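J.: With these hints in hand, go ahead and build the complete structure from the sequences.
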Amino acid sequence: MNDLIALILGSGTPLVYAAMAGVLAQRAGIWHLGLEGLMIAGACAAVLVTSAAGSLLAGLGVAIAVCVLGSALLWVVIEKLKANPIIAGLGLTGLGLGGTDLAVQAVFDSEATVRSEIGLPRLGAAFGPYAHLSVLVLAMPVVVFALWVLLRRTRFGLQLAACGEHPFAARSVGVSPPRMRLVALLLGGVLCALAGAELALGSLQLFSVGMTAGRGFMAFAAVIFGAGHPVGAAFAALFFSVVEALGIKAQLLLGNALPPDLLLALPYAATVAGVWLSGRLRGGGQSSGAFAELRDY
Amino acid sequence: MSGSLFAVARALAFVLLALVLCGAIFELAGYSSLSMFQNIAEGAFASPEALLNSLGWALPLFVIAAGVVVSFRCGYFNVGAQGQFYIGAIGSAFAVEWLNGAPAFIVIPAAILAGMAAGLLWAAWPGLLRIRSGTDEVITTLMANFIAGLVLIYVTSGPLKDPSGTGQVTASRPIAALYRISDSGGVSPAIIGLVVVSGVLIWVLVNRTAFGVLSSLAGRNPVMVGWQGGRLARLGLAGFLVSGAFAGLAGAIELLGPQGRLVSGFLPAEGFTAILIALVAGLSVTGVAVVSLFFGGLAAASLYLPVIAGLPAAAIDIINAAIALFITARAWPRGLGLRRVRRAP
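Chains as they are written, first to last, in the numbering used here: chain A, 1 to 297; chain B, 1 to 345.
No lab work stands behind these hints, which were simulated from the structure alone.
None of the values given here were measured: they were computed from a predicted structure.
Be aware that one or more of the hints could be misleading.
Claimed, not checked - Computed from the model, here is a short list of chain A residues facing chain B with C-beta under 10 Å:
#, residue
1, A52
2, A53
3, L81
4, D101
5, M211
6, G214
Ideal Cβ placement from N, Cα and C applies to all residues, glycine included.
T.: Okay, here's the thing in structure tokens:
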């Protein structure tokens with residue numbers, strides 16, 4: 001049981017961090033589909049710099065810088081050039097996936113995986129079966145709680161929600177929606193960098209091309225499933241990784257009774273089910289017109 | 001007319017901006033952006049063989065993109081072209097497998113229809129979830145792409161596995177030469193005929209039918225559709241099904257034509273590129289015909305780069321992604337598109 005929980009926490013933590021970035025953007029009124037690209041950029045930068053410089057701090061710093069830059073680019077494209085946020089987000093994701101591929105090839109020629117000797121600090125023997133988890137796993141509930149406080153208990157959080165739900169109202173009290181969105185996206189960039197660092201330097205200590213495998217999109221789905229609430233999104237993200245862990249367990253238990261490739265599809269199917277459920281709960285379907293409005297901030 | 005000229009100029013300007021960003025990324029990664037672009041142009045358009053090769057890549061892209069145009073015009077973001085393309089190819093491969101031995105004039109049409117039906121079904125469930133329960137179609141179709149990729153791995157390593165195959169990439173048994181509709185170049189009268197027929201069909205559907213008028217209205221102002229007596233949900237679902245069917249058709253063409261067999265993870269960027277083509281063309285079918293030639297060239301160069309020039313093929317992915325990042329920047333032609341419906345405050 002303990003090792004199952006450790007497995008879920010290990011694979012769920014990057015999802016939770018990315019989902020928190022998605023929550024920030026969602027509250028500001030941006031559907032953040034660039035999470036996947038930012039996450040892999042963060043993972044790649046963290047591993048490449050950490051293994052090259054031999055310093056974890058440098059790796060984390062560069063990862064955060066890269067993700068914040070990517071977020072700023074997304075903001076310019078959405079707010080200044082008035083691009084469609086969904087397509088621009090997908091473009092950013094493609095840029096992250098292609099850019100990391102190029103970067104790995106530029107440094108290591110044709111190798112598809114890069115290993116790092118240094119990983120994130122571990123919890124240590126005091127935690128028993130959880131010893132191999134990184135400190136970012138322990139920090140995860142703290143970050144979720146901090147985000148909840150920020151979004152639900154501060155003036156900033158209220159202003160951010162106003163920018164997302166009714167920009168005109170926000171403007172009328174002197175809050176600039178574009179500026180609030182910039183803050184939300186940049187903060188989200190930092191969280192995405194942590195998500196990528198946890199994914200690559202957490203338990204694996206390696207980067208491979210395309211290693212996010214849709215986790216950024218799952219994090220975005222967790223935001224929708226969790227109704228844009230930090231705690232809800234965190235639980236939704238953990239739910240997806242529970243399904244993933246159960247799929248792995250089922251594979252170990254059943255052997256080849258079920259095709260392993262189809263078991264790998266479980267988390268994706270769970271994501272669809274979660275988003276379907278949240279759509280049902282909100283009584284969607286009939287109100288397509290209102291939905292179109294919601295879609296384009 | 002000057003409006004659409006303006007839209008073309010704007011699209012070109014943003015493509016240029018995207019290329020500048022790509023150049024910066026290439027330089028950062030330590031490659032000479034000049035030689036990179038030069039090699040891409042050589043791989044795509046420099047010789048008659050390269051041009052023919054680019055055309056071979058452009059034909060299936062055109063079919064998928066023309067289908068995508070229909071669903072995007074309805075205001076539904078069907079970004080699942082990749083999955084529908086894969087499932088179409090798989091359906092087509094099963095049809096060939098089951099009918100193996102029958103004369104070609106039965107097998108080939110059956111395989112093509114099976115591909116279209118499979119693509120249509122793979123688009124149907126996200127479409128139904130969207131109109132029945134309001135499930136966001138962007139997420140469901142993205143997830144459907146991942147699931148389709150896994151189904152392809154399952155099919156090529158299970159039911160249709162080539163027993164003689166070795167190595168890491170799994171593949172199905174090759175299709176008999178009798179049932180192929182082109183060689184590996186992908187240009188043949190049969191394929192060109194299929195592509196032209198589907199292009200004309202979609203052009204008529206979009207420009208000369210009530211469905212076309214109502215669907216482009218649905219993309220702009222969903223409320224108006226109800227007032228005009230149309231049903232938004234039905235319109236959106238029809239758009240989904242049409243785009244799925246044509247993505248499936250492209251899958252069948254790839255299978256019976258250039259590929260000749262199912263390979264796990266083949267053409268992983270096809271769907272995304274097709275969506276990009278539809279957007280760059282401003283959701284016009286004639287525009288798609290021109291733009292798909294350009295992106296077909298880029299796709300052809302993605303094979304040329306690593307083999308001939310020794311440069312990474314990821315460069316093409318970066319160019320595509322950068323164009324995606326910028327292309328919707330007010331690139332929607334006036335009055336057509338996904339602009340916010342303003343509500344009185």
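J.: Run through the hints listed earlier and report the numbers of any the structure violates, in increasing order.
T.: Going through the list in order, the structure violates hints 1, 2 and 5 and respects the others.
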